[in-house]
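Place chain B on chain A using the hints.
Chains A and B supply the protein sequences, listed in that same order.
Here the working numbering is used: the first residue of the first sequence is 1, the next is one more, and so on.
Here the working numbering is used: the first residue of the second sequence is 1, the next is one more, and so on.
There could be a bad hint or two in this list.
Unchecked claim - Straight-line C-alpha distance at most 30 Å; calculated BS3-like pairs for lysine-lysine: (1) A:K96 <-> A:K281; (2) B:K46 <-> A:K143; (3) B:K64 <-> A:K136; (4) B:K46 <-> A:K69; (5) A:K135 <-> B:K64; (6) B:K26 <-> A:K339; (7) B:K46 <-> A:K96; (8) A:K69 <-> A:K2; (9) B:K64 <-> A:K332; (10) A:K339 <-> B:K151.
Worth flagging that the hints you see were computed from the coordinates, not collected in a lab.
Quick caveat: nothing in here was measured; it's all calculated off a predicted structure.
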Amino acid sequence: MKPINKLVQQEGAIQDRAIFWDEDIYQKEMEEIFARCWLFLTHESIIPDEGDYQATTMGEDSVVVARQKDGSIKAFVNSCTHRGNAVCFSDGGNAKAFTCPYHGWVFGMDGSLVDVPLEEQAYHNEIDKNALHLKKVRVESYKGFVFGTFDEDAPSLKDYLGGMAWYMDSFMDAPGGCELIGPPMKSILDCNWKNPTENFIGDGYHVGWAHASALEIAGGPLAAAKGNAVYDAETSGLQVTVPEGHGFGIIWEAAAALHAGPVYDAYQKWLDERSPLIREKMDEHREKFYRGHWDAAIFPNCSFLYGTNTFKMWQPRGPHSIEVFTWTLVEKEMPQELKQMIHADNMLTFGTAGILESDDGENMEQCTQSNRGYSTRQGTLYIGMGQGHEYLDPELPGLVSKGWINEAPQRGMYRRWAEFMEGKPWSELSTTAQLEQKK
Amino acid sequence: MSTSNQQAGQSVDQSTHFEVERFLVKEARALDEERFHDWLDGMLTKDITYQLPTQEVRYRRDTKVLGNSQTTYLYNDNFGMLSMRVARLDTGIVWAEDPRVRNRRIISNIDAHWSDVDGEVEVRSAFILFRSRMQRDQATHYGIRMDRLRKEEGQWKLASRVITLDQRVVLDKNIHCFF
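Bound-form chain A, shown alone (with noise of 0.2 Å):
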């Protein structure tokens, strides 16, 4: 593996081709990334009662979130540590308890070992079972967005979030707060896990092209922005990123303009009489952000479209492929019947028979397995676009770029790739808070 500072260059603008293909360096990933950074896991609405839990991954790691008897919540991974198989095999569910199908070890919703068959005996009584627990998750939760790490000494998550949270504030802390819609859709790519994460979290420059037939027939709003026929870099919108990896694109006054007919009527007479609530509870800003169309990423593997409300999980499964975990993101106070038509609408859009996810799977896939050649490998890709146009703004956190087709959020992503995969203690990352210090 080549040093990190030749694998990705120029404040994150060019990287090797080898990071989204070469085994060591995916290894590399799940071990300085994926087992340190927090990872989503769930959302607190999934699962509100006593019992309640979902499985998902975190890297390639199974675990199980579960909703404790006071009302906390726990994860630990999904493998008995007798034998090591799975003791949970659904999705997700209500239960009391985990028995292993292997030889019936029984775990309790808290990953502690409760019951082991033939304990007196075969055991004789001497089993530790205390110290058999399953391996646990260090759980922390954001406005209702759970998530987990397995890394001890990681900030809390509020901390690893930096800036970010700020301006996810903005509908995460709406009055009554956000609820995720499932189950989960699950869906596969061919692709790196990078390829989804840098296309959600700023490239709003595919959008025009990429989505162009989406566009067309879909109308609303966005649909000057087919072709890249209209677009204004002063006024359309702004692109953010945060030192600590993540980062988004905004278009102003766009949250609902994916949706149309009716859908867009009901949501954007929704955030009409609610923006006012957001601007007394927090500013003028957020009100802002409120309203606007958001692609953005919370690093590594989380990304969400804030309006068209889709929210993802790029599951890695090796170098070169991905699962795919799509959920609704919608307003717990919003009526029952205006959150089923964004479910739907997210479904008919980003969903696995979405008009424009469809358009973005070839090219995932495409980007990473183009670089299965070894010639081609040896190269780099580019994306420098805006670069030195990024600026403090005094009022908001991180760097910020005028308008909403940039790739300086990208660029944020991969520098604070290189970070991690420098193996860099927590001290040593970059903060939006040391950020701040230069204003």
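For chain B alone, kept in the frame of chain A given last:
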């Protein structure tokens, strides 16, 4: 159309079964051949509902709905939405479908009964859909479809379809194909 049918639940007669089977075969052929307007205009009723719910992997005994997560439909379309999908394919700028995807539908195990609505037939059929793209890109989907067919002006038409796709994780980059 709303009158109740005294034959509800009974297998259709041989001649009706033959018509239903021919309809499903012709429909599959129209879709295979990308004759989407023949499908929309000639084979679907205007009040069609077209649904494909996700499968969840759950323990048999556990049916609790979690939070607001009742059902997620990959397709939950009416005639207008299906028309929009076809209109998108008509734009000529759907890069993911050019070069074309070759879809081959195998329809089998056709079982038709009179429905509780007079003149409507409930049809259960199994399907396999093979998708081939580019050089060696392959995907296979299989499951069952529960259809309601209705005769309009002497022609059978599809009035509703619920597709059960057996895979939990859809082993394809998209399923923007009609089942």
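Taking the hints in turn, this is what the structure says about them:
| no. | hint | in the structure |
| --- | --- | --- |
| 1 | A:K96 <-> A:K281 | violated (40 Å) |
| 2 | B:K46 <-> A:K143 | violated (44 Å) |
| 3 | B:K64 <-> A:K136 | holds (26 Å) |
| 4 | B:K46 <-> A:K69 | violated (51 Å) |
| 5 | A:K135 <-> B:K64 | holds (27 Å) |
| 6 | B:K26 <-> A:K339 | violated (38 Å) |
| 7 | B:K46 <-> A:K96 | violated (48 Å) |
| 8 | A:K69 <-> A:K2 | violated (49 Å) |
| 9 | B:K64 <-> A:K332 | holds (20 Å) |
| 10 | A:K339 <-> B:K151 | violated (36 Å) |
Consistency with the previously given hints fails for numbers 1, 2, 4, 6, 7, 8, 10, ordered from lowest to highest.
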